Amino acid sequence: MSARACQLAMLSGLRSESVRTLRWFDLYLDHDDGPMAIVAAENMKATLDRAVEFRFPLSDAAVSLLDSIEDVGVELVFPFPQRGKDGRDRPLTDMALLTQFKKATGDPEATVHGLRATFRTWMQDQVVSSDVAETCLQHEINSTSVEARYMRSDILELRRPVMQRWGQHLTDSNCGGDTGETDDPDIVSLDTFRRSG
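For the sequence shown, the working numbering assigns the number 77 to the initial residue and increments by one for each residue that follows.
Hint data in this document are derived by calculation from the structure and do not stem from the laboratory.
All figures in this text were calculated on a predicted structure; none of them were measured in a lab.
Certain hints may be false.
Stated by the list, open to error - Each computed DMTMM-like pair below joins lysine to aspartate or glutamate, with the alpha-carbon atoms no more than 25 angstroms apart: (1) Lys-161 with Asp-147; (2) Lys-161 with Glu-93; (3) Lys-161 with Glu-151; (4) Lys-179 with Glu-93; (5) Lys-179 with Asp-248; (6) Lys-161 with Glu-146; (7) Lys-178 with Asp-248; (8) Lys-179 with Glu-146; (9) Lys-178 with Glu-93; (10) Lys-161 with Glu-118.
Using the sequences and the accompanying hints, generate a full structural model.
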């Protein structure tokens, strides 16, 4: 399960906590605005002194990944294998994702959070506007708090094509997506996690 959580972290650019605490009812794969997840406010890093829920567009690759995960009748998409002492489901731990990521990459210095830096660098190389890129990463758009309080759009439709291209990039055979083989030592393909976990 941790390998698939790492795959979704790669495809989404979401923080580890947002991936690990994702619930099945947070997913809207047939939404009129296109497939999306809505990350609950309590699972978001607070910005502007408050956390708010975050609508997140899902690429075809992310939808395919989520479709491949068996819903075993628990609330969480990525549950920890054992329930808590209270009998409730628990999310995977941050350490479970980190261990899986280090195993898959073979790099003891690798971090799951580093995927977000890779995604941000790719967006810069693709000339994605700063506002769109920062919103894709759930960052506060660089502005004064007064300005930010007036910016209420989550620019979902501007982010959707970026997420689709990113998903295609990660699954493209030139990126090692089909086989996991690539000449670029800085690329970790989705297939790396399929083989490792």
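Structure-based check of all given hints:
For the proposed pair Lys-161 and Asp-147, the alpha carbon gap of about 22 angstroms is at most 25 angstroms, so the pair holds. Restraint check for Lys-161 and Glu-93: satisfied, since their Cα atoms lie roughly 21 angstroms apart, inside the 25 angstroms limit. At roughly 17 angstroms between alpha-carbon atoms, Lys-161 and Glu-151 fall within 25 angstroms of each other, so this suggested pair holds. Pair hint Lys-179 plus Glu-93 holds up; C-alpha atoms about 20 angstroms apart against a cutoff of 25 angstroms.
Only pairs whose Cα atoms come within 25 angstroms are accepted, and Lys-179 paired with Asp-248 is accepted, the gap being roughly 22 angstroms. Restraint check for Lys-161 and Glu-146: satisfied, since their Cα atoms lie roughly 24 angstroms apart, inside the 25 angstroms limit. For a cut-off of 25 angstroms, the pair hint linking Lys-178 to Asp-248 stands: about 22 angstroms separates their Cα positions. For the proposed pair Lys-179 and Glu-146, the alpha carbon gap of about 23 angstroms is at most 25 angstroms, so the pair holds.
Restraint check for Lys-178 and Glu-93: satisfied, since their Cα atoms lie roughly 18 angstroms apart, inside the 25 angstroms limit. Restraint check: the Cα-Cα separation between Lys-161 and Glu-118 comes to about 22 angstroms, which is no more than 25 angstroms; the hinted pair holds.
Checked against the numbered hints given earlier, the structure satisfies every one of them.
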